[in-house]
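Put together the whole structure using the sequences plus the hints.
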Amino acid sequence: MHSRLRSLLQHHACSYKTTIFDHNISIPIINLYSNQTSLSDNNINYDDESKISTNINKNDSTIQSQTSPTDQEALKIQQIIKLHSTKPPKIIENILSKCGLSLNENLVLNVLKRNQCDWKSAYAFFNYVVNGKILNGYSPNSSVYNEVLNILGRNKQFDIVNEVFDEMLNRKNLIDNETWEVVVHRYAAAHMVDEAIGLFCKRGDLGLELDLISFQTLLKWLCRYKHVDEAETFFHNEKGGFEDDIKTWNIILGGWCVMGNLGEAKRFWKDIMTSKCRPDKYTYGIYINALSKKGKINTALKVFRAMWAEECTPDVTICNTIIHGLCFKNRVPEALEMLNRMKEKGDKLNVVTYNTLIQHLCKIKRMDKVAEVLDEMKEQGKECMPNTRTYSFLLSVAKDPKEVYDILDTMENSGCKMVTDTYNLLMRLFLNWGFDDKLASTWYEMEKSGVGPDERSYAIMIHGFHYKGKIEDALSYYHEMTLKGMIPEPQTKSLFDDMNDKLKQRNKQKIVSSFK
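UniProt numbering puts the first residue of the sequence shown at 1, with every later residue one more than the last.
Since the hints were made in silico from the structure, they are not lab data. Worth double-checking, as some hints may not be accurate.
Pairs of lysine-lysine residues, derived as DSS-like cross-links and limited to a Cα-Cα distance of at most 27 Å, are as follows [stated by the list, open to error]:
#1 Lys-266 <-> Lys-247
#2 Lys-113 <-> Lys-172
#3 Lys-296 <-> Lys-281
#4 Lys-90 <-> Lys-133
#5 Lys-382 <-> Lys-369
#6 Lys-276 <-> Lys-302
#7 Lys-343 <-> Lys-365
#8 Lys-484 <-> Lys-113
#9 Lys-399 <-> Lys-369
#10 Lys-156 <-> Lys-87
#11 Lys-470 <-> Lys-448
#12 Lys-468 <-> Lys-493
#13 Lys-302 <-> Lys-365
#14 Lys-76 <-> Lys-448
#15 Lys-294 <-> Lys-365
A quick note: this is a predicted structure, and the numbers were derived from the prediction, not measured.
Printed below as a string of structure tokens:
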């Protein structure tokens with residue numbers, strides 16, 4: 001890494017408050033609140049560094065005082081692995097074996113989660129743990145195996161997934177329902193539908209019951225990754241062997257809604273209405289959400305009113321969906337009216353209710369109203385207190401680094417922890433504004449905190465530096481990404497090929513010029 005920016009990554013101090021923590025993000029099957037935060041493209045100059053608060057720097061000793069001994073030990077191991085990450089896994093294992101580590105389950109899981117975006121490092125550490133169990137006196141259980149299966153599957157390393165799975169079979173009593181779900185999830189995510197269904201059919205051979213919950217779990221993950229057609233076919237073929245449960249129908253309905261296929265969603269909605277199952281509030285909620293997302297808010301309101309007629313009382317999630325749909329159609333006064341009705345009826349509001357409003361108010365730059373909503377959230381108490389998502393909306397419309405740091409300061413004081421998406425958002429902002437030092441410190445702190453970088457982090461840097469004309473920096477990140485075994489998106493791969501061609505052409509022109 002020979003660029004100035006790479007040097008900064010190693011040496012630049014942290015620019016804002018943060019703490020080291022672990023964050024394992026689970027993906028909900030039917031996410032009613034999956035709207036993307038759009039980033040500000042404001043290109044401003046903010047050259048007066050003296051205006052940026054200096055009281056938000058923290059040194060390592062302060063950070064250590066806020067973390068547990070397990071976190072501190074995990075960070076040390078992570079740093080050892082990172083230092084030798086370019087070496088073969090066997091070498092890393094040998095280096096770790098000479099460190100005299102005292103292992104336990106919490107420490108091992110902590111280290112694995114810190115390396116969840118770098119499967120090679122995670123797998124090298126896992127092998128050290130498994131192969132050194134006589135030396136270190138610790139034998140990993142199902143939780144550790146499940147974690148490494150998840151990391152490998154997430155990075156599409158299915159040959160190694162199969163090896164680890166076979167090892168679990170040989171050791172006996174290691175494979176549990178969580179193991180099975182992790183592998184099914186990752187098969188579905190990689191669009192390996194036959195393998196996912198095959199593993200469902202093999203549950204008996206694995207000592208696991210072929211029950212309704214596992215049937216629903218398989219359908220859930222197939223639908224989550226847009227294999228709804230296959231999921232519905234399998235549902236109709238196999239449903240006779242299981243209790244007729246509305247939750248199973250809801251999963252398929254949710255799948256069509258996640259796909260954005262309103263036509264199929266309407267068809268399946270009618271199938272539910274003519275089935276033996278009575279629709280519940282989740283059935284209505286899923287369908288209302290699909291209608292709202294497609295801008296069919298008037299139809300969504302009709303279904304909403306039909307719920308009351310059927311004596312099926314909408315919960316706060318469904319009301320939040322209606323509020324979002326109204327805001328999406330720029331009917332903010334009606335959304336606020338619904339919020340007031342909810343309060344008058346004594347409905348239990350939550351942070352999502354307010355986040356929905358804040359998202360749209362930020363989008364239309366009504367920051368005065370945003371401030372009012374934030375105040376009300378704090379007045380409402382615990383269930384409505386601003387969370388990481390709230391602060392992400394505020395960060396997305398920040399006008400300069402000082403605003404960013406003020407928001408981060410408030411965010412930390414409220415107890416909210418930064419996640420990968422928060423770091424990615426900050427990097428987009430600093431790239432747009434041209435603050436390479438702050439960009440570098442954000443990257444450094446993200447690595448140290450153990451929540452990244454992930455594929456999106458690298459894509460942001462690669463595309464951002466390409467846009468800025470810094471091809472060498474963009475290529476440097478691309479090479480680091482692939483060195484970690486991450487698979488670039490087709491758009492990023494295409495950009496890499498284009499940059500390589502440009503760099504070759506530029507070098508050729510330099511050679512020709514040198515002979516003139």
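Verification of the hints:
Restraint check for Lys-266 and Lys-247: the C-alpha separation of about 17 Å stays at or below 27 Å, so the hint holds. Between Lys-113 and Lys-172, the direct Cα distance comes to roughly 25 Å. Compliance with the 27 Å bound is thereby established for this hinted pair. For the suggested pair Lys-296 and Lys-281, the alpha carbons sit about 19 Å apart, so the restraint of at most 27 Å is met. The suggested pairing of Lys-90 with Lys-133 holds, with an alpha-carbon distance near 16 Å, which does not exceed 27 Å.
The hinted pair formed by Lys-382 and Lys-369 meets the criterion: a straight-line CA distance of about 21 Å does not exceed 27 Å. Taken as a hint, the Lys-276 and Lys-302 pair is honoured in the structure, with Cα atoms around 23 Å apart against an allowance of 27 Å. Proposed proximity of Lys-343 and Lys-365 is supported: the alpha carbons are some 25 Å apart, at most 27 Å. Straight-line distance between C-alpha atoms of Lys-484 and Lys-113 comes to about 15 Å, which keeps the hinted pair within the 27 Å bound.
Pair hint Lys-399 plus Lys-369 holds up; C-alpha atoms about 17 Å apart against a cutoff of 27 Å. Distance check on the hinted pair: Lys-156 and Lys-87 sit about 21 Å apart at the alpha-carbon level, within 27 Å; holds. Proximity of Lys-470 to Lys-448 is assessed by CA-CA distance (about 25 Å); at most 27 Å being required, the pair is judged to hold. Restraint check for Lys-468 and Lys-493: the C-alpha separation of about 18 Å stays at or below 27 Å, so the hint holds.
The hinted pair formed by Lys-302 and Lys-365 fails the criterion: a straight-line CA distance of about 31 Å is larger than 27 Å. Taken as a hint, the Lys-76 and Lys-448 pair is honoured in the structure, with Cα atoms around 10 Å apart against an allowance of 27 Å. A hinted pair counts as satisfied when its Cα atoms are at most 27 Å apart, and Lys-294 with Lys-365 qualifies at roughly 24 Å.
Hint 13 from the earlier list is the only one contradicted by this structure; the remaining hints agree with it.
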